[in-house]
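Enquirer: Chains as they are written, first to last, in my numbering: chain A, 1 to 114; chain B, 1 to 113.
Among these hints, one or two may not hold up.
[As the list claims (entries may be wrong)] In the DSS-like style, the derived pairs of lysine-lysine whose C-alpha atoms are separated by at most 25 Å in a straight line are:
#1 K67/B <-> K3/A
#2 K71/A <-> K3/A
#3 K13/A <-> K42/B
#4 K71/A <-> K18/A
[Stated by the list, open to error] Cβ-Cβ distance ranges computed for the label pairs, FRET-style:
#5 S110/B <-> T83/A: 29 to 35 Å
#6 Y10/A <-> L75/B: 33 to 39 Å
#7 E57/B <-> V52/A: 29 to 35 Å
#8 E45/B <-> T112/A: 24 to 30 Å
#9 N107/A <-> N66/B: 33 to 39 Å
#10 K42/B <-> F20/A: 31 to 37 Å
#11 K71/A <-> G59/B: 32 to 38 Å
#12 D55/B <-> N107/A: 31 to 37 Å
#13 S52/B <-> M54/A: 27 to 33 Å
#14 Y71/B <-> T15/A: 24 to 30 Å
#15 L75/B <-> N107/A: 44 to 50 Å
[Said to hold, decoys possible] Which bits of chain A does chain B cover? Going by a derived footprint, with three or more residues having C-beta under 8 Å, they are:
#16 16-29
#17 33-46
In case anyone wonders, no lab produced these hints; they're calculated from the structure. Heads up, the beta-carbon is just placed ideally off N, CA and C, and yes, glycines get one too.
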Amino acid sequence: DVKVTQSSRYLVKRTGEKVFLECVQDMDHENMFWYRQDPGLGLRLIYFSYDVKMKEKGDIPEGYSVSREKKERFSLILESASTNQTSMYLCASKDRGSYNSPLHFGNGTRLTVT
Amino acid sequence: QKEVEQNSGPLSVPEGAIASLNCTYSDRVSQSFFWYRQYSGKSPELIMSIYSNGDKEDGRFTAQLNKASQYVSLLIRDSQPSDSATYLCAVNGDETSYDKVIFGPGTSLSVIP
């Protein structure tokens with residue numbers, strides 16, 4: 001079974017702090033994704049990565065950056081957290097071998113910025 | 001920018017009825033389509049995937065795809081209270097960016113016992 005592990009289930013940070021959300025997958029998937037989920041807005045893609053050190057902007061990259069130094073790990077960085085970044089963050093991985101491959105999600109990190 | 005639209009609901013159906021969930025997408029060259037189920041407080045889990053025009057059945061679930069109309073649907077037969085969840089339609093795939101997966105806003109389904 002694919003396992004995608006997000007380092008924190010709940011996180012509370014202050015405005016202006018630098019925040020790191022970590023995600024690790026154990027299935028050697030090339031593709032990894034960061035989404036945020038807000039009521040009524042569904043899952044919105046922040047960034048995705050298709051290889052080590054490679055990244056692509058999603059639909060809402062502003063205020064975020066990412067790092068992929070190793071294939072199994074994909075980090076989301078909030079350079080200066082703001083209250084409008086309070087949300088549920090979901091990491092996912094996917095086999096790049098076929099466009100038919102589904103996403104495998106982690107359990108999510110609920111971030112509150114005060 | 002690719003867009004995926006769904007009726008937000010909530011959709012309420014009585015137990016045993018057929019629930020019909022609909023999704024439209026804007027990118028004509030999208031290749032593959034997925035339905036995920038998400039229970040409150042949980043992560044999405046894959047229910048069905050479909051890539052070719054027509055119907056695909058898996059137990060009580062049937063996915064229908066019409067690429068000409070850019071429309072994909074999910075039918076749930078003999079709906080059960082345990083089917084109460086949010087259903088997310090996801091789309092990916094064109095020749096240059098099939099890595100990018102975009103979700104609709106989700107439809108909330110409530111099955112009434």
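Enquirer: Checking each numbered hint in turn, tell me which of them this model violates, lowest number first.
Expert: Violated hints (numbers, rising): 1, 7, 10, 14, 15 and 16; every other hint is consistent with the structure.
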